[in-house]
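Trainee: Residue numbers (numbering that gives the first Met the number 0), protein chains in the order written: chain A, 0 to 242; chain B, 0 to 167; chain C, 0 to 398.
Think of the hints as simulated: they come from the structure by calculation, not from any bench.
Treat the hints with care, as some may be off.
To be verified - Only part of the chain B face toward chain A is listed, based on derived beta-carbon distances under 8 angstroms:
{"#": "1", "residue": "51"}
{"#": "2", "residue": "59"}
{"#": "3", "residue": "70"}
{"#": "4", "residue": "87"}
{"#": "5", "residue": "99"}
{"#": "6", "residue": "103"}
{"#": "7", "residue": "107"}
{"#": "8", "residue": "108"}
{"#": "9", "residue": "109"}
{"#": "10", "residue": "112"}
{"#": "11", "residue": "119"}
{"#": "12", "residue": "125"}
As the list claims (entries may be wrong) - Over 12 angstroms on every C-beta distance to chain A, these chain B residues come out as not near it, computed from the model:
{"#": "13", "residue": "44"}
{"#": "14", "residue": "62"}
{"#": "15", "residue": "71"}
{"#": "16", "residue": "86"}
{"#": "17", "residue": "96"}
{"#": "18", "residue": "100"}
{"#": "19", "residue": "104"}
{"#": "20", "residue": "140"}
{"#": "21", "residue": "149"}
Claimed, not checked - Cβ-Cβ distance ranges computed for the label pairs, FRET-style:
{"#": "22", "chain 1": "B", "residue 1": "26", "chain 2": "C", "residue 2": "246", "range": "30 to 38 angstroms"}
{"#": "23", "chain 1": "A", "residue 1": "92", "chain 2": "B", "residue 2": "138", "range": "22 to 30 angstroms"}
{"#": "24", "chain 1": "A", "residue 1": "205", "chain 2": "C", "residue 2": "246", "range": "54 to 62 angstroms"}
{"#": "25", "chain 1": "B", "residue 1": "102", "chain 2": "C", "residue 2": "85", "range": "30 to 38 angstroms"}
{"#": "26", "chain 1": "C", "residue 1": "261", "chain 2": "A", "residue 2": "92", "range": "40 to 48 angstroms"}
{"#": "27", "chain 1": "A", "residue 1": "196", "chain 2": "C", "residue 2": "246", "range": "38 to 46 angstroms"}
{"#": "28", "chain 1": "A", "residue 1": "212", "chain 2": "B", "residue 2": "79", "range": "19 to 27 angstroms"}
{"#": "29", "chain 1": "C", "residue 1": "365", "chain 2": "A", "residue 2": "205", "range": "34 to 42 angstroms"}
{"#": "30", "chain 1": "A", "residue 1": "229", "chain 2": "C", "residue 2": "45", "range": "35 to 43 angstroms"}
We treat Cβ as the ideally placed atom computed from N, Cα and C, and that holds for glycine.
Residue-level listing of the chains:
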Amino acid sequence: MEITRRHLLVLLPAAAAAWKFVLAGTPELAPNYTRTEHWWGMLIDIPKCIGCGSCVRACAQENEVPDGYFRTWIERYHVADWKIEKPEVESPNGGKQGFPPNPESGGKNFFVPKLCNHCADSPCTQVCPVGATFVTRDGVVLVDKTYCLGCRYCVQACPYGCRFINPNSNTAEKCSLCYHRITKGLTTACCEVCPTGARQLADFKNPGDPIHEFLRTHTVQVLKPHMATGAKVFYNGMDGSVR
Amino acid sequence: MAGKKTSVFKDIEHLIRLVLVMAVGAAAFVVVRAAVIPHSFGQYGHYRGDAIAEIAARPIAFAGHQVCEGCHVEVVEQKKLGKHVVVPCETCHGALANHADDPASVTPPKLDTAVICARCHEANSAKPKTFPQVVTADHSGGAACDTCHQPHKPGIEAAPAKVAEGKK
Amino acid sequence: MQIPVEGFMYPNEVELQWSVLIVLYPFITGLVAGAFILASLERVFRVQAVKPTYRLALLTALSFLLVAPLPLQLHLGHPERSFEMYLTPHRSSAMAMFGFVYLWYLMAVLLMEIWLDYRRDIVLKSQSTKGGLRVFYRVLTLGSANISERSLRIDERLGYFVTLIGIPSAFLLHGYVGFIFGSVKANPWWSSPLMPIVFIFSAMVSGIAAVMLLYMFSTRLRGRDIDMRCLDKIAQYLLYTFVIDFSLEMLDLLQRIYEADESFRSLDFMVHTRLWKSQVIVQIIMGTVTPIALLGLIQILKLTEKARKRIYALAGTLTVIGIFAMRWNVVIGGQLFSKSFLGYTTYKMGFATREGLLTAIVLMVLPFLILWVMVKLLPPWPDADCVSVSGAEPAHGTS
């Protein structure tokens, strides 16, 4: 069939639109993953956490985290009676090998897993001088390690202490919400191995995600709300003593 | 009149030269910047657009329990009979995406139950009261946990001796 | 981790992020801003008495400004990527914007002012020297040998204007460094609207004291007499600035103690233990109260010239040490306590490492070496042999 000018008039714009769509970004990730269709966060259910440290170990393995640095860690709290502003907290090696035996201790005791809160109004992103750390359109705060200068301003700016400098690359690093997994339909490494379901990945833009019902029926908090960071990691059953 | 005009020009000539030097410098900067700046910068925001794909392309270490369950059907059936049905495989067995990709050549290591089980089940007052926990020194006297317990179906209904013949 | 921790720190907080090099950086830029303000006292505010130190102050400012980026480069994980701050500056980042403030101050203010003031001398030297030096001066002339009356008058006018812009630029330069710390909401030791102001005034104090000491030292070295009228005036300005600086710091402290918010108990404990020597003893007692008392004494009592010189030397030295201690207490102090307010860590400073004490010492000595070279190439002394032989002073100051 001859290709007439009329054909071209239809084909060319269509081809251009298709090419633009191809370039628009989706083929780099999983074939069906569109960033604007997701808004990621996490739910941490404190009464369920047993401090086994599986999450810390899994994260270290999945993301090649060097020893002595932590993308996620667990804190053990001991609150004596009404002394809510002076808890005793410990985190031996971030809780990586679990916690030492401690069958009896008075007061109130519980575990708090911590990680990057993937803040919607992220202070670490605000201070990065070059744009090496950024918030993606699906709500994950990432670090571009080929662009990072290692100035450490972001580490200072994070109120939660979740950032560190990787001694192997001399760049800033932190929890990436296992972006390489969640964009392929998997869950994060820490949520995958949690034996009690204390950690659950949440996609706020997915109407079928159980997070919506959970938030509606439970009392939740974020860490350091007075910092107004727009933190997206929600803690169920979090005590007022948690720092 | 003309003489006075050129005289002024002569007296500010050094300033004009300075301005020229600065202009050349600024132009050089603009040219160098265009050449050196990463081409995907600014694509989605103030960052290198290619970084997203690079991060998303990182290798995966944990396969996820659905993948394990695809092959190890008999373990799935066994787990369904006990409390550990909710515990994902890789929680105890470690990251095994490489085994899932090539089961023949990658053999998962044998686990040391004395270490692994204690991480969850060693008594700690910070653990939820309803969670099964023991002081292992008193509980087993140092014996490995799988002497009596079958990890995929950990509950013990009868006396310890009978359970020991359970499958691994 | 061999770093001793008291109480609880978030696991990633134990190791300090910003080292002694980041203490050096605000100290050095502070000296720059302070020296420049002293120079501008004569140029803009017509304080004739301090004229002998005008050019010296400018050269001091330049020597320190050239060294200022070095501690930053040595501290970066990837110094080879530092140019990214000029390629893709993130406009919301105080650190990124500071790169441009630095560039502006260096090019449009300091180099401009020095060039305009020295141009006549540069042109004369480009004609009277030989060899490599001649090439150097020729380049500095930008190819123009015009030093007619009118061109010098134009330079003088323009120089005045540059100094006028230079004063707020100097405030911006160092106030910005204060803002880099003061805008970090995550750190209560740093986060304060007062921070840029405190940094500016302590910068002025350190800069004035440094130029005062350099003037005394270099005059002695050259075997000349110190202009006491000049020195007394500088010391007076040092005293005034110091009183303002001290008041601001005490205001911050008193407010903190009174309000006693969540962070206070932790910070208070830190000051009483880990920062006791550096903050209370060195910064406050030795480095602030003592120099203020000494300088104030001179305003009240009539002391001999010799006594005054000795006191100025002592007060100046204590001041410079005290301001360094202030930078240390801000930068290092801000990282010694946990953001959970439940613990404290320790700063382990290396010696011959990239960010160690030896590096810091070398970086502090370097500006003086640069200054020495500059003083040889562009003599700042009013009675230097190749300038103003006919009695015609460098053009400024009289218009």
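Trainee: It remains to establish, for every hint, whether it holds in the given structure.
Mentor: Comparing the hints with the structure gives:
1. 51: 6 angstroms, holds
2. 59: Hint on residue 59 of chain B: holds, closest Cβ of chain A at ~6 angstroms, below 8 angstroms.
3. 70: Where the cut-off is 8 angstroms and the nearest Cβ of chain A is about 17 angstroms from residue 70 of chain B, the hint is violated.
4. 87: 6 angstroms, holds
5. 99: With Cβ-Cβ at 12 angstroms, over 8 angstroms, it is violated.
6. 103: For residue 103 of chain B, the interface hint is violated, since the closest Cβ of chain A sits about 22 angstroms away, which is over 8 angstroms.
7. 107: 13 angstroms, violated
8. 108: This interface hint is violated because 13 angstroms lies over the 8 angstroms limit.
9. 109: 18 angstroms, violated
10. 112: Violated, because the Cβ-Cβ distance from residue 112 of chain B to chain A comes to roughly 14 angstroms (cut-off 8 angstroms).
11. 119: Interface hint status for residue 119 of chain B: holds (4 angstroms vs cutoff 8 angstroms).
12. 125: 4 angstroms, holds
13. 44: Residue 44 of chain B is in fact no farther than 12 angstroms from some Cβ atom of chain A, at 6 angstroms.
14. 62: Violated, since 9 angstroms does not exceed 12 angstroms.
15. 71: 16 angstroms, holds
16. 86: 4 angstroms, violated
17. 96: 9 angstroms, violated
18. 100: 14 angstroms, holds
19. 104: Residue 104 of chain B is indeed farther than 12 angstroms from all Cβ atoms of chain A, at 19 angstroms.
20. 140: 15 angstroms, holds
21. 149: Non-interface label on residue 149 of chain B holds, nearest chain A Cβ at 17 angstroms vs cutoff 12 angstroms.
22. B/26 - C/246: 30 to 38 angstroms: 48 angstroms, violated
23. A/92 - B/138: 22 to 30 angstroms: Given range 22 to 30 angstroms: holds, Cβ gap about 25 angstroms.
24. A/205 - C/246: 54 to 62 angstroms: With Cβ atoms ~57 angstroms apart, the hint holds.
25. B/102 - C/85: 30 to 38 angstroms: With Cβ atoms ~53 angstroms apart, the hint is violated.
26. C/261 - A/92: 40 to 48 angstroms: 28 angstroms, violated
27. A/196 - C/246: 38 to 46 angstroms: 58 angstroms, violated
28. A/212 - B/79: 19 to 27 angstroms: 26 angstroms, holds
29. C/365 - A/205: 34 to 42 angstroms: Once the Cβ atoms are compared, 58 angstroms apart, the range 34 to 42 angstroms for residue 205 of chain A and residue 365 of chain C is violated.
30. A/229 - C/45: 35 to 43 angstroms: 53 angstroms, violated
In the structure shown, a violation is registered for the earlier hints numbered 3, 5, 6, 7, 8, 9, 10, 13, 14, 16, 17, 22, 25, 26, 27, 29, 30, in ascending order.
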